[in-house]
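Q: Make the full structure from the sequences, and use the hints.
Protein chains in written order, with this note's numbering: chain A, 20 to 366; chain B, 20 to 366.
Since the hints were derived computationally from the structure, they do not count as laboratory data. Just so you know, not all the hints are guaranteed correct.
The list cannot tell twin chains apart, which means a pair is met if one copy fits it or any two copies do.
[As the list claims (entries may be wrong)] With a straight-line Cα cutoff of 20 Å, these simulated EDC-like cross-link-like pairs (lysine to aspartate or glutamate) come out:
1) K117 <-> D260
2) K57 <-> E25
3) K68 <-> D284
4) K98 <-> E245
5) K117 <-> E64
6) K107 <-> D39
7) K257 <-> E287
8) K30 <-> E130
9) K257 <-> D284
Number of protein chains: 2
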Amino acid sequence: MAGDGEEGRNKQVLARDYIDGNPKKRDMYFNISSISLKVPEGSKEVLVKNLYLSCDPYMRGIKAKIPNRLFLFLCSPFKPIVGYGVAKVLESGHPDFKKGDFVWRVTKWEEYSLITMTESLFKIQHTDVPLSYYTGLLGMPGMTAYAGFYELCSPKKGEYVFVSSAFGEVGQLVGQLAKLMGCYVVGSAGSKEKVDILKGKFGFDEAFNCKEEHDLDAALKRCFPEGIDIDFDNVGGKMLDAVLLNMRFHGRIAVAGMISQYNLDQPEGIRNLLSLVYKRIRIEGFTVYDYYHLFPNFLDLVLPYIREGKIAYVEDTAEGLENGPSALVGIFSVQNVGKQVVVVARE
Amino acid sequence: MAGDGEEGRNKQVLARDYIDGNPKKRDMYFNISSISLKVPEGSKEVLVKNLYLSCDPYMRGIKAKIPNRLFLFLCSPFKPIVGYGVAKVLESGHPDFKKGDFVWRVTKWEEYSLITMTESLFKIQHTDVPLSYYTGLLGMPGMTAYAGFYELCSPKKGEYVFVSSAFGEVGQLVGQLAKLMGCYVVGSAGSKEKVDILKGKFGFDEAFNCKEEHDLDAALKRCFPEGIDIDFDNVGGKMLDAVLLNMRFHGRIAVAGMISQYNLDQPEGIRNLLSLVYKRIRIEGFTVYDYYHLFPNFLDLVLPYIREGKIAYVEDTAEGLENGPSALVGIFSVQNVGKQVVVVARE
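A: In structure tokens:
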């Protein structure tokens, strides 16, 4: 970095090692480093001040060794935690960004970041909604819901939609988008409180507590006497196996994740794939990275709903980078109510 | 049926009962009935003389009780076997068909049939190829190969294609179509002889005997060091599980059947579905019934290949309806060499 620039004090959250399983507080530590507050001469990098950092379920070490995983890594030893966030541009060597712009996407858990991979930055064009929303409802989780539901599931008005892990940041939005287009929507969640919120605040037609249903097939048959057209699957495992028994002809299943399987040494066997043939069902796994080109379409759909108050959204904020590690750890034992955001600075 | 028409003697193959599992000779018996050789006054039915009957792997009783199965039923007690076939129109009440037309699709195992479901009849427009081909290469198995490969798998030149059960009537054609469009093609089959024929006569790049490979994952890695783009799956079970470990990013799997699972009391568990998410894979089950509107497109593609001798195709004919039951039974222990056809009459 240029030695002739102004130097700034930069508080950081670093990883102690690669993380195996859900992160714990002892996996992270604080550091004060210094950062040049100038973009290197001639580079196209962008210097930002981080405002809001996102705590997301994907930020866990995944035990299963999958070659060529494309997920973002939570951490490398002695490096800052990497994650989604909203930031303000302080200086830019890139023609697409200028001082004062707000941006979102991949950044680091520190006060200031020099962003080299500027192709992974989005300029925030709409600032009449809270900037922090670009970590959740208007960010990666929102795009995941949008891409999986609209692009993979081709929903039609009146169809029967099931959302597993519906209380999660993605599931909440899938359910609400499905309701807004006139579908019948049922969600599963892991507690009575969440079930009540799904049916109350988020407007799901029905919801059930998957931890209290000893027979998932029976629970689905009770909620879907006509069967399921669309399954937005976050869970995999036994829930997916039960869903397969309840799909309708030409049903579509979008698989955004399989949280029931990540921490198992050996994944559970899915026994009901014969339904694929008998009922002509499509299952498709996806990651949001393939769909960011649709971000403008997503905003066109969702921003009006937000402005009209048609989408419910709750944030849980932790104030200050020093509260970041406990906020991140908390989402894996669901300490948070709503989207967990770490506020580094408000502007 | 009208009592005033001319009556004909009609030899039939009837089912003794519902069939559980692979059909056996004792499940069928012969009968001589009489049939009016006139179409009932004012009806839109079509009276045909059956020429070629098709013996297909789907013609088994399937133990698994799947609600709303849409498969054709092999049999009802004391009724003629139902199946695909080629026939000649003797008389027609339907404006789309006239005396002397050749037709194919669903008919019965008897000399003469009065076809009421005329919407399931195709008129044969091209008679410069053997009529019997419309039971196989140009009929349901051919359409299954075409729809699954082109419509579901969106193949591109140079892609890596795996066909399980490649020696079957569908698999043979999928492999040849894939080769004709410039893909790399590997098939699995159940004997050394079949493997040799796949690589020799049918031009597969590679093939292996799945009964001699104790590690299917290793066999696939040997044949596909770069991974698999397209899997045309006829087998399911362990083979599908091994395929999932070897798929490339954005791979596509068309599931035409799961023959490894039909006769099991409890289907095997598939453990590697996490690959769907990590590699953004699509799996889709299908049945040919949804794709018959593409029959003209299929003929446009395949007829020139047949006329130019670019597709290898072998038929095994059983002469006479009286040899039908043993021919049908034979395909389940693979007594046939090539497509098994029963010749009722040659014109």
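Q: Now tell me if each hint is right for this structure.
A: Outcome of the hint check:
no.	hint	in the structure
1	K117 <-> D260	neither (50 Å within a copy, 50 Å between copies)
2	K57 <-> E25	within (7 Å within a copy, 100 Å between copies)
3	K68 <-> D284	neither (40 Å within a copy, 61 Å between copies)
4	K98 <-> E245	neither (52 Å within a copy, 33 Å between copies)
5	K117 <-> E64	within (11 Å within a copy, 76 Å between copies)
6	K107 <-> D39	neither (32 Å within a copy, 69 Å between copies)
7	K257 <-> E287	both (8 Å within a copy, 14 Å between copies)
8	K30 <-> E130	within (6 Å within a copy, 88 Å between copies)
9	K257 <-> D284	both (16 Å within a copy, 19 Å between copies)
Hint compliance for this structure: hints 1, 3, 4, 6 are broken, all remaining hints hold.
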